[in-house]
Amino acid sequence: MKSNKYSITIDYEACIGCGLCNEIAPKIFTSDEQMKSKIIDNALIDEELLLKAAEECASGAIIIINNETGEKIWPKDD
Amino acid sequence: MLTHYKYLIIGGGIAGTTAAETIRQYDKDGTLVILSNESHRLYSRIVLSKPEFYENAGAPRTLFLRKPEWYPVNNIDLSCDETVIGLNTKEKRISLASGKYIEYDKLLLAIGVQPLPLPGLESLEAKNILYLHNLDQAKEIQKHIIDSKIVLVVGGGFIAIEFCDLLTKLKREVISVIASSWYWRSTFDEISSRFIENALKKNGIEIYTESLVKEIIGKSRIEEVNICNIKTGKQTTISCSTIIAAIGTRCDLDWVKESGIKCNKGILTNEYMETNMSDVWAAGDCAEYFDLICDRHIKLANWTNARTHGKIAGMNMVGRRSSYRKTTFYSTEKLGLSICFVGDTSPLGENKKTISRGSYEHGAYTELRVVNDRIVGATMINMSNELNSLVSLIENGVLIGNHLKEIGNPNFDLKFINKHEKQ
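Line order of the protein sequences matches chains G and W. Just so you know, the working numbering puts 66 at position 66 of the first sequence, and the rest follows in order with no gaps. Just so you know, the working numbering puts 316 at position 316 of the second sequence, and the rest follows in order with no gaps.
The reader is advised that the hints may include incorrect statements.
[Claimed, not checked] Subject to a maximum C-alpha distance of 27 angstroms in a straight line, what follows is the list of computed DSS-like cross-link-like pairs (lysine-lysine):
{"id": "1", "chain 1": "G", "residue 1": "Lys5", "chain 2": "W", "residue 2": "Lys67"}
{"id": "2", "chain 1": "W", "residue 1": "Lys67", "chain 2": "G", "residue 2": "Lys76"}
{"id": "3", "chain 1": "W", "residue 1": "Lys143", "chain 2": "G", "residue 2": "Lys76"}
{"id": "4", "chain 1": "G", "residue 1": "Lys52", "chain 2": "W", "residue 2": "Lys67"}
{"id": "5", "chain 1": "W", "residue 1": "Lys149", "chain 2": "W", "residue 2": "Lys171"}
{"id": "6", "chain 1": "W", "residue 1": "Lys149", "chain 2": "W", "residue 2": "Lys169"}
{"id": "7", "chain 1": "G", "residue 1": "Lys27", "chain 2": "G", "residue 2": "Lys72"}
{"id": "8", "chain 1": "G", "residue 1": "Lys52", "chain 2": "W", "residue 2": "Lys201"}
{"id": "9", "chain 1": "W", "residue 1": "Lys139", "chain 2": "G", "residue 2": "Lys76"}
{"id": "10", "chain 1": "W", "residue 1": "Lys50", "chain 2": "G", "residue 2": "Lys76"}
{"id": "11", "chain 1": "G", "residue 1": "Lys76", "chain 2": "W", "residue 2": "Lys169"}
{"id": "12", "chain 1": "W", "residue 1": "Lys326", "chain 2": "G", "residue 2": "Lys52"}
{"id": "13", "chain 1": "W", "residue 1": "Lys50", "chain 2": "G", "residue 2": "Lys72"}
{"id": "14", "chain 1": "G", "residue 1": "Lys27", "chain 2": "W", "residue 2": "Lys67"}
{"id": "15", "chain 1": "W", "residue 1": "Lys169", "chain 2": "G", "residue 2": "Lys72"}
{"id": "16", "chain 1": "W", "residue 1": "Lys201", "chain 2": "W", "residue 2": "Lys231"}
{"id": "17", "chain 1": "W", "residue 1": "Lys67", "chain 2": "G", "residue 2": "Lys72"}
{"id": "18", "chain 1": "W", "residue 1": "Lys415", "chain 2": "W", "residue 2": "Lys353"}
{"id": "19", "chain 1": "G", "residue 1": "Lys38", "chain 2": "W", "residue 2": "Lys50"}
{"id": "20", "chain 1": "W", "residue 1": "Lys353", "chain 2": "W", "residue 2": "Lys265"}
{"id": "21", "chain 1": "W", "residue 1": "Lys202", "chain 2": "W", "residue 2": "Lys234"}
{"id": "22", "chain 1": "G", "residue 1": "Lys38", "chain 2": "W", "residue 2": "Lys419"}
{"id": "23", "chain 1": "W", "residue 1": "Lys28", "chain 2": "G", "residue 2": "Lys52"}
{"id": "24", "chain 1": "W", "residue 1": "Lys219", "chain 2": "W", "residue 2": "Lys149"}
{"id": "25", "chain 1": "W", "residue 1": "Lys415", "chain 2": "G", "residue 2": "Lys27"}
{"id": "26", "chain 1": "G", "residue 1": "Lys27", "chain 2": "W", "residue 2": "Lys326"}
{"id": "27", "chain 1": "W", "residue 1": "Lys171", "chain 2": "W", "residue 2": "Lys201"}
{"id": "28", "chain 1": "G", "residue 1": "Lys38", "chain 2": "W", "residue 2": "Lys415"}
{"id": "29", "chain 1": "G", "residue 1": "Lys38", "chain 2": "W", "residue 2": "Lys326"}
[What the hints assert, rightly or not] If you want the footprint, here are the derived chain G segments under chain W, 3+ residues with CB under 8 angstroms:
{"id": "30", "region": "7–21"}
{"id": "31", "region": "31–39"}
{"id": "32", "region": "54–61"}
Hint data in this document are derived by calculation from the structure and do not stem from the laboratory. Built from N, CA and C at the ideal position, the CB exists for glycine as well.
Could you build the full structure based on these sequences and the hints that come with them?
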């Protein structure tokens with residue numbers, strides 16, 4: 001999924017469907033038939049909430065890349 | 001650390017930390033302490049079951065879920081390496097192994113569970129067995145498996161299967177030993193278990209069912225293991241240098257019981273996560289909570305439940321009455337299988353019937369648990385695309401009596417029942 005600034009990907013195998021991302025950022029994340037995380041089409045991205053959801057995801061299933069710089073915002077590689 | 005706190009939380013895992021965070025949303029100033037018996041701030045237990053953790057010597061970036069400064073910024077005292085040894089609910093006071101006492105106004109027990117030790121072994125042998133329960137144990141496993149070609153995994157449940165999967169991904173030779181005749185027997189029926197056994201074999205894992213570890217041979221390190229078949233008495237000696245045991249968990253509840261708090265397998269709570277003692281709540285893996293959907297007490301240890309418990313307990317601790325009403329589920333992909341369970345998957349009672357949907361031959365199978373024409377739970381192999389539909393049927397108590405014939409056919413769409421039947 002692409003917003004202007006970010007590409008957001010869900011690592012589907014890693015996601016445990018706990019729903020935390022949807023709780024933190026309900027305008028960005030929803031659930032699919034398997035109760036796993038899904039990014040809402042044309043979601044309005046609140047950067048702060050997006051990063052908080054990714055940081056708190058216990059399975060590290062949310063991957064964020066900055067489109068402008070190509071930088072991996074989360075998870076960080078260091 | 002103070003000697004009196006408004007909120008005292010025992011346990012620094014996801015249940016305790018979520019409770020603290022929830023309390024802080026409504027009460028910014030009430031003094032709050034989290035006591036942890038570990039040396040670490042909140043970390044992800046899920047990451048400990050991933051191959052990445054064991055491939056790299058360092059901790060992955062996704063391991064810690066809170067920065068060290070999160071605690072002081074939120075006015076939360078975190079006290080690590082603390083062991084609670086007593087609770088006096090009349091005096092509203094706990095005692096610590098260090099000799100200190102702390103008084104509380106409101107107490108949350110989020111003390112987790114411990115792995116069951118492998119029985120019947122001498123203490124010296126037992127010392128060499130590894131368990132996965134916390135970060136320190138995971139680091140120990142990390143150290144051992146670096147130079148282990150063959151790893152023996154004892155147990156047939158969730159953590160054991162996770163380990164079989166991740167060790168295979170790490171290209172280790174894996175031997176699986178279970179005391180039962182089929183895998184994950186506490187939750188799955190024989191057909192579901194056959195999928196798991198077949199997947200283990202396909203992944204090159206050698207299997208010993210109805211067997212126990214009888215003896216460990218080796219001086220400073222494990223060299224060989226003697227496995228004994230319970231039924232035939234046949235003994236087999238195999239070479240291996242690491243044993244990981246995952247045969248279940250238990251709650252250490254001695255001091256909790258002594259305080260007068262009612263316990264069964266876990267600490268008994270109602271749907272508000274309240275114990276029988278006023279101003280004492282329980283949450284997470286240690287809680288045996290009243291499940292409004294299953295209409296009975298349930299003890300199901302998983303990350304999602306623990307987080308939700310923490311949230312509910314936190315709400316109630318600040319006086320915002322809130323109950324736990326959620327269809328519990330667990331979903332994972334291991335050994336090339338999608339494995340799910342949802343709702344009440346406890347052993348069958350008098351009123352509970354089962355309906356098979358799909359089959360082993362079909363490559364996808366669900367065992368539905370039905371009480372009074374309503375689905376109360378299900379276990380699913382390779383049918384996770386129906387998880388949401390099943391959650392909906394369970395949560396809404398939809399009657400399925402008119403569809404008992406069709407429901408066994410995996411091509412029959414469960415959404416049809418959701419649309420057409422009464423709750």
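- Has the given pair, Lys202/W with Lys234/W, been kept, meaning a C-alpha gap of at most 27 angstroms? holds, 25 angstroms
- Message: For a C-alpha distance cap of 27 angstroms, please report whether Lys38/G and Lys50/W respect it.
- Response: holds, 22 angstroms
- Under the criterion that the straight-line Cα-Cα distance not exceed 27 angstroms, is the pair Lys28/W, Lys52/G satisfied? holds, 20 angstroms
- Are Lys415/W and Lys27/G close enough, with their CA atoms no more than 27 angstroms apart? Holds, because 26 angstroms separates the two Cα atoms, which is no more than 27 angstroms.
- Message: Just to be careful, I want the Cα atoms of Lys143/W and Lys76/G compared with a cutoff of 27 angstroms; is the pair within it?
- Response: Holds - the C-alpha atoms of Lys76/G and Lys143/W are around 24 angstroms apart, at most 27 angstroms.
- Item | Hint consistency between Lys169/W and Lys72/G [alpha-carbon to alpha-carbon, up to 27 angstroms] | holds, 25 angstroms
- Message: Tell me if the straight-line CA distance from Lys38/G to Lys415/W falls inside 27 angstroms.
- Response: Measuring from Cα to Cα gives roughly 20 angstroms; hence the hint holds.
- Restraint status (C-alpha distance of Lys50/W to Lys72/G at most 27 angstroms): holds, 21 angstroms
- Message: Hinted pair, alpha-carbon criterion (27 angstroms max): Lys38/G, Lys419/W. Please report holds or violated.
- Response: holds, 24 angstroms
- Query: How does the coverage statement for the region 54–61 of chain G fare against chain W, requiring three or more residues with Cβ below 8 angstroms from a Cβ of that chain?
  - Reply: Result for this restraint: holds, n = 6.
- Message: Checking one constraint from the list: CA of Lys67/W to CA of Lys76/G, max 27 angstroms. Satisfied?
- Response: Measuring from Cα to Cα gives roughly 14 angstroms; hence the hint holds.
- Measure nothing beyond the straight line between the CA atoms of Lys201/W and Lys231/W; if it is 27 angstroms or shorter, mark the hint as holding. holds, 22 angstroms
Hint 8 alone, counting from the list given before, is not met by this structure.
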